[in-house]
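S.K.: Sequence:
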Amino acid sequence: MSGSTVPRPLSTSHNLHGAQPRIALLRGLQKVKEDLKLSSRPEAMSKDKLEGLVKRMEVTLSEMEQLKHHCGRQSEELSQLVVELRRENQELTEKYNQLALDMKEAKEIIEQLQDTKYAFDAKERQAQKLSRQL
Numbered sequence: 200m201s202g203s204t205v206p207r208p209l210s211t212s213h214n215l216h217g218a219q220p221r222i223a224l225l226r227g228l229q230k231v232k233e234d235l236k237l238s239s240r241p242e243a244m245s246k247d248k249l250e251g252l253v254k255r256m257e258v259t260l261s262e263m264e265q266l267k268h269h270c271g272r273q274s275e276e277l278s279q280l281v282v283e284l285r286r287e288n289q290e291l292t293e294k295y296n297q298l299a300l301d302m303k304e305a306k307e308i309i310e311q312l313q314d315t316k317y318a319f320d321a322k323e324r325q326a327q328k329l330s331r332q333l
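200 is the number of the first residue of the sequence shown in our numbering; add one for each residue after it.
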């Protein structure tokens, strides 16, 4: 195959984050599809073209495996984060419920203190009134 280059992996371990591996995989699949369209009869393809196509397919399969592995790791990480967030949510719910109980108790104590203060003020006024009468 004159002027052809050996296909190289389109994605490497350092660019497995984000959309890069998916884009590279899609480009590889598109190239294989284009090559197959150009030669609808494999027997009409030259040996070099067939070898190039096979190599591109191998690279694409390798990239698919890398992407599958990467997605599996991300899925595990996300699962761990979900578990952690659920635990934190449960803790926060418990803390909120305890704070709500504490707040209710504090309001009841304030109401009791206000009632006591009002009663004390009333007794003090009554005592002052009796003191004036004497």
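What the hints contain is simulated information worked out from the structure, not anything from laboratory work. Hints are not guaranteed to be accurate.
What the hints assert, rightly or not - Below are the DSBU-like pairs computed for lysine-lysine, each with C-alpha atoms no more than 30 Å apart in a straight line: (1) 303 to 316; (2) 328 to 303; (3) 230 to 254; (4) 267 to 248; (5) 328 to 316; (6) 316 to 306; (7) 232 to 248; (8) 303 to 322; (9) 322 to 306; (10) 246 to 230; (11) 254 to 267.
S.K.: Of the numbered hints stated earlier in the document, which are not met by this structure?
M.R.: 2
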